[in-house]
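A.B. asks: These are the residues of each chain, in order.
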Amino acid sequence: MQIIENSTMYDVIIVGSGAGGGMATKILAEAGLKVAVVEAGPYFDPGAPEQQTQLKWPYESPRRGANTVRPFGDFDSAYGGWDIDGEPYTNEEGTNFRWFRSRMLGGRTNHWGRISLRFGPNDFKRKSMDGLGDNWPIGYDDVKPYYDKVDKLIGVFGTNEGLPNDPDGFFLPPPKPRLHELFYIKGARKSNIPVFPSRMSMLTKRINDERGICFYCGQCSRACSVHADFSSGTCLIFPAQKNGGKIDLFVNAMVREITTNEEGKATGVSYINKEDRKEYKLKGKIIVLAASACSSARILLNSKSKQHPNGLGNSSDIVGKYLHDSTGGSRSAFIPDLMNRKMYNEDGVGGMHVYTPWWLDNKKLDFARGYHIEVWGGMGMPSYGFGFNHNDFNKYFGIKVGGYGNPLRDEVKKYYGSTVGFGGRGESIPQRENKCDIDSTKVDEFGIPVLKFKYQWTDHEIKQVGHMHESFEEIIHNMGGTVLGDKPTLAQKNGIYAPGEIIHEVGTTRMGDDPKTSVVNQHQQLHEVDNVFIVDAGPFVSQADKNPTWTILALSWRTSDYIVEQLKMQNI
Amino acid sequence: MDRRKSIKSIILGGVAGGLALNGCKPENVEPTGENIALAAENHFGRTPEEKELIEKLNAEQFLHPHELATLNVLVALILPANESYGSALDAGVPDFIEFMTKDYPKFQTPIRGGLMWLDHKSNTDFSVEFIAATPEQQKIVLDAIAYPDVEVPENERPLEVQFFSLIRNLTLTGYYTSKMGIKDLGYVGNSPNVWDGVPEDVLKQHGMAYEEEWLAKCVDQSKRNTKAAWDEKGNLLT
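Chain order of the listed sequences is F and B. The first sequence finishes on residue 574 if you use the numbering used here, and the numbering steps up by one all the way, no holes. The second sequence finishes on residue 1362 if you use the numbering used here, and the numbering steps up by one all the way, no holes.
To be clear, the hints were calculated from the coordinates, so they are not data collected in a lab. Mixed in with the good hints there might be a few duds.
Stated by the list, open to error - Examples of chain B residues lying across from chain F (beta carbon under 10 Å, computed):
#1 A1163
#2 G1298
#3 I1306
#4 M1332
#5 E1335
#6 K1341
#7 G1358
Claimed, not checked - Using C-beta positions, here's what the derived DEER-type ranges look like:
#8 B/L1162 x F/V485: 43 to 49 Å
#9 B/H1244 x F/G407: 42 to 48 Å
#10 F/D278 x B/K1357: 53 to 59 Å
Note that beta-carbon positions come from the ideal geometry of N, C-alpha and C, so glycine has one too.
Can you build the whole structure from these sequences, using the hints too?
C.D. replies: Next up, the structure:
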């Protein structure tokens, strides 16, 4: 089959349209460059009636929102998940990395929790502090101006608290805590665990004339039809289009590899059009990879040529290595004081209104790094699973569990809103051995060799999650609650989530000054090929206990500025 | 937006229908729940593949007429009508359970087998199928399986106890996710509103209060429409 070549010469080809790709699209297109954005999934606008799941009722889904098709249920906006038909991946025996992918314009920014945390000064220099992992070649001061700009451009609520490693920013005011959150504040403080207003990217206040303001339906995971929360499409790509950016969007286009010339420089990309299943080529002067950490590594590893026999930018053999995800542990509780609630609309913003950043000193602990605590609860909209084993709580009052008939109605109401839960999300130590590589024995349905993962937690992560459970139980006790379920044992690895399940994977194309131990330089430019940049979470040297999105955005902006500057100086 | 601007950004590659709307959002319109919901009427955000799957499942029938008739009786026993609301049967729960047996095939054997167990038990004890038994007889059958021993892990309980728990779970989920059940529960969300804290009487009821210091940091909803501006230190000025 002949590969169909597009004659347009793009200034930049951006692969992927999530946080990193969206930001690069906005900055580079608004600088006047001719940009192609290549996205593996369909076009998506949460405001489009056919694609909207916001404000839908559970009975509009025949499965009442069950997660048989989408991993987080029918109303979640992510197209894709840990398993996608026709797009397999494999694991080395005895390991289990679970790879989540969103195939759609805006990628995973459409459904995420919008928890928007800056990395702090310590997060960039961990090796200097505990000798583990590596320092970033840049520090907080390099990124701060971009965090500031991202805050103002996109909007994030929170409060300036002067915390040493959870820096202040340009915040919109947070919403007031809900009832279960007031219980959490009280319970946590009893154990000297601090609680602060959450930091999340929903507009509690107007920031411009284009985007709507949050109307508190609590459904951010469904993507906002009035564009009141951050997603890459609604806040970066659509505005860049409106501002007259020269942007060609290629959707349902699965990138296979980066093409190169005799000198080893990148010349464009080849992709499979999912509609006609033919291979196409695009020409570009600069390639910006933003396909997500593992997908970008896969593209580089599949881009083999005479000049790059080990994959593009991979003579160091580091591409795919140092893969790491956040640690995760969770627990829930029944709080008798939250029974028999008066009904009112407490949907609030999607997710939590308060949270606990990491608060302890590792020198007094037997594990490295820390975690933050996320809180859930309240009188949410019923969905599939509502009412399951609802009267199990009867046992705490000596009432028979089970039964049938109209007494169930009273029990459902009695217990509605009396459950709270906690999620711990922590930092892991990057390991060279934790990685993704090409599985040369398998291809996906587009004929592209797939990834094979190998990932194992170390004792640090497992102990850290054990500590999460101790904290949760203490807080629950302070709240006058009963912990649900048994505390996971050490043999169960303290209940740590499988790698990939927290969906914060980073580190596959890490940044560094030494081309022998890193893939990109501090401008996220391949050491070996100066016209290829990576603006997803691949370049992260370490991941902090924070959600990576805000840092992806800040670094993508920083790199995009660098690209414009270098083009002006005719250096690339 | 004007047409000249919109054609500067074209979508290429595999383009699905309806994409001419790309980027054309109504500007400066404060949407209401009504107009958002109306615009999306007849859709609930399915991709074409997901729609196809639902149509395929709807075209199939898993439960036989007798099984369905038994299920109808069973869900109405689990949640009968009261003076204000209808039963789980009235709320359409059997249709939901029928859909789930196809959507999640692991339910098929336990549900089919459990319904068969009900007839077997009723036939053995009363020489009549479950649906034809008297309410007293049905109650005797159900009482034996409706109260699980919570000290025994769920998957180690007798199959008929597990069956009843499963049907009760699906019945309550089906009911409380229906229009009727949501009204019965009293859930008042899923509509555009302005969250301004827990009502005072609720705080009192639960012995809680807001701290002044915390409230001072929170959004003043009367200024939500005023554009945000900060000084160079990040203090919000508006």
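A.B. asks: Which of the stated hints cannot be reconciled with the structure, identified by number in ascending sequence?
C.D. replies: Number 9 - this is the single hint that the structure violates.
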